[in-house]
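Visitor: Taking the hints into account, I'd like the entire structure generated from these sequences.
First to last, the protein sequences are chains A and B.
Read left to right, the first sequence gives residues 1 to 319 (UniProt numbering).
Read left to right, the second sequence gives residues 1 to 319 (UniProt numbering).
Since the hints were made in silico from the structure, they are not lab data.
Be a bit skeptical, because a hint or two may be false.
Which copy is meant is left open, because identical chains are indistinguishable; a pair holds if it fits in one copy or across any two.
Listed next, the in silico DSS-like pairs over lysine-lysine satisfying Cα-Cα at most 27 Å (straight line) [as the list claims (entries may be wrong)]:
(1) Lys129 with Lys114
(2) Lys302 with Lys112
(3) Lys139 with Lys114
(4) Lys5 with Lys112
(5) Lys129 with Lys41
(6) Lys160 with Lys184
(7) Lys224 with Lys277
(8) Lys114 with Lys5
(9) Lys114 with Lys87
(10) Lys312 with Lys172
(11) Lys114 with Lys58
(12) Lys41 with Lys9
Being a predicted model, the structure only gives us computed values, none of them experimental.
2 protein chains.
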Amino acid sequence: MTNIKDLAKIARVSVTTVSRVLNNHPYVSEEKRMAVLKAIKDTNYNKNINAVHLSKGKTLMIGVVLPYSDHPYFSLLLKGIANEALKNNYKLVLFQTDYLEQREMEALEMLKQKQIDSVIICSRASDWKTIEEHLSFGKIVVCENMTERHVSSTYVDHYKTFLEALEFLFSKGYEKIGYCIGRKTGSNSLARECAYRDFMNKHNLSYTAEYIIDDCLYFEDGEKVMKKIRGMVEPPEALLVTSDQVAAGIVTYCHNNHIAIPDELAIIGFDNEPIAKLMNITTIHIPLEDMGKSLFLQAVSKERTNNEVMIKLIERGTA
Amino acid sequence: MTNIKDLAKIARVSVTTVSRVLNNHPYVSEEKRMAVLKAIKDTNYNKNINAVHLSKGKTLMIGVVLPYSDHPYFSLLLKGIANEALKNNYKLVLFQTDYLEQREMEALEMLKQKQIDSVIICSRASDWKTIEEHLSFGKIVVCENMTERHVSSTYVDHYKTFLEALEFLFSKGYEKIGYCIGRKTGSNSLARECAYRDFMNKHNLSYTAEYIIDDCLYFEDGEKVMKKIRGMVEPPEALLVTSDQVAAGIVTYCHNNHIAIPDELAIIGFDNEPIAKLMNITTIHIPLEDMGKSLFLQAVSKERTNNEVMIKLIERGTA
Chain A
1 MTNIKDLAKI ARVSVTTVSR VLNNHPYVSE EKRMAVLKAI KDTNYNKNIN AVHLSKGKTL
61 MIGVVLPYSD HPYFSLLLKG IANEALKNNY KLVLFQTDYL EQREMEALEM LKQKQIDSVI
121 ICSRASDWKT IEEHLSFGKI VVCENMTERH VSSTYVDHYK TFLEALEFLF SKGYEKIGYC
181 IGRKTGSNSL ARECAYRDFM NKHNLSYTAE YIIDDCLYFE DGEKVMKKIR GMVEPPEALL
241 VTSDQVAAGI VTYCHNNHIA IPDELAIIGF DNEPIAKLMN ITTIHIPLED MGKSLFLQAV
301 SKERTNNEVM IKLIERGTA
Chain B
1 MTNIKDLAKI ARVSVTTVSR VLNNHPYVSE EKRMAVLKAI KDTNYNKNIN AVHLSKGKTL
61 MIGVVLPYSD HPYFSLLLKG IANEALKNNY KLVLFQTDYL EQREMEALEM LKQKQIDSVI
121 ICSRASDWKT IEEHLSFGKI VVCENMTERH VSSTYVDHYK TFLEALEFLF SKGYEKIGYC
181 IGRKTGSNSL ARECAYRDFM NKHNLSYTAE YIIDDCLYFE DGEKVMKKIR GMVEPPEALL
241 VTSDQVAAGI VTYCHNNHIA IPDELAIIGF DNEPIAKLMN ITTIHIPLED MGKSLFLQAV
301 SKERTNNEVM IKLIERGTA
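Guide: Here it is in structure tokens:
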């Protein structure tokens with residue numbers, strides 16, 4: 001394979017000059033530049049970027065860790081990250097983890113081995129200690145409230161958000177309120193449970209464990225939720241559903257089975273996806289694309305910042 | 001930074017031995033292995049994978065080119081690719097292109113510069129010549145019928161599929177048939193248009209240009225389609241809709257506006273997403289995750305293969 005020395009020999013210039021031409025450095029005479037370009041063409045030389053990275057210590061690649069790339073929540077985050085990455089000439093390395101810690105480790109391992117410059121963790125299964133051990137190897141950015149840790153983060157305050165939605169339902173007269181989430185573990189869901197308990201205590205409402213339904217991610221999970229609820233002796237009158245996809249599935253099931261919304265069951269979705277608008281679902285607007293943009297910018301910034309993203313309850317027909 | 005020679009010196013072994021330990025080669029005495037591992041630990045040495053790649057000529061990274069990572073069609077393809085990549089210890093570099101040729105070029109450029117081993121092109125804006133010029137730099141796999149070109153491909157025969165769906169509608173008595181697509185250019189859509197024209201000619205039906213509606217990708221586009229149709233003097237009686245998302249948007253709009261399906265308008269969706277099942281939409285099943293798996297396996301295989309994927313019309317309530 002032709003290397004930079006061969007090029008210098010063929011073009012009859014110094015190695016420094018070849019290097020300057022390869023890196024678009026201005027201080028090269030036009031004559032020498034042409035000679036180098038001709039040598040590059042004649043030898044079919046390709047600058048080996050791995051070698052360039054090796055010398056510069058930068059890869060211009062960012063790892064993105066997310067559990068499911070086909071879920072609208074994560075694919076909108078990813079879209080925001082990807083658009084900003086392209087603008088800034090960065091590439092993304094995708095780690096679709098299915099919440100397997102081992103797959104998250106692969107991203108951290110790549111960071112450690114300098115194959116990527118930073119890691120954006122959209123959601124994780126690993127405990128914080130594992131992440132923390134890799135902080136010295138490069139930038140790690142998370143999508144959860146981490147203001148007390150030494151990382152950058154872009155996040156929604158899920159405690160505050162849940163409390164706001166619960167109080168909204170309470171103000172409308174609902175007291176038997178349940179909620180649907182993706183998984184019970186995870187720092188976001190722990191914040192939600194905390195808000196739920198605090199809300200229940202504040203209003204002297206009784207905590208019903210079966211009102212918390214997990215494993216709710218996709219449209220088709222809406223049917224599963226409704227079958228559970230219909231099997232309850234004392235079903236909830238209202239549900240917070242942390243994904244518009246699932247909320248849409250619930251609304252569709254209720255429609256097909258003549259369950260009146262919101263009279264028999266009130267629904268508040270999350271994310272404000274287009275499907276929520278079209279199905280007239282009351283929801284919490286979360287600016288996912290903007291969050292993705294922010295996560296990317298934090299991943300390439302030297303500063304450490306924590307951006308809380310503002311949410312908004314959008315009242316429509318289901319609550 | 002510590003390099004492999006430093007490690008050899010510290011551990012008092014040969015460079016070859018250090019290299020063997022780093023690569024888990026079996027022929028190293030336990031004593032020497034321990035010495036090298038101790039040196040690695042003491043110097044906080046991280047094997048620089050960029051350097052390893054440089055010597056092996058392999059990156060274990062595959063580029064994936066797709067226009068939108070947030071569209072269910074592409075996110076399901078991506079899921080199939082990503083799951084198989086993880087099984088095989090490969091990483092994915094994501095190129096979300098918005099159908100900009102320049103962004104597709106970035107992937108081809110990375111292939112040329114040996115930063116990735118292969119490129120999977122799920123859909124493209126660039127013409128074939130551009131792709132062809134990069135075939136010598138590494139494996140390129142496409143998701144379109146390319147049996148006559150020198151690439152591997154996994155594809156649906158969109159001509160055959162469209163014809164089957166059109167004949168199905170014709171057998172049910174529909175003659176004024178339109179269709180909705182993402183974009184009019186692109187080899188898949190050209191195959192569809194060809195099938196549409198052949199079908200029209202065969203049955204002596206008149207070709208109506210306004211029955212072909214493009215820019216249809218998301219749920220919310222269903223509303224746009226219906227507004228166009230309601231503005232037509234002679235609207236179509238049936239629609240092939242090349243995305244279940246859009247089909248679901250159309251069905252929702254019709255439901256909200258008291259347009260009877262299939263009596264006033266018959267609908268056939270594409271992909272067989274969960275939303276099609278729940279909304280009882282007649283659709284064409286396309287095994288997108290399996291296609292993703294096949295694309296990945298082709299990307300890492302030395303052989304050149306062309307896999308036609310079999311589709312299936314699933315009759316439900318909308319046609």
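Visitor: Can you list which hints this structure breaks, lowest number first?
Guide: Of the numbered hints given earlier, the structure breaks none, since each of them holds.
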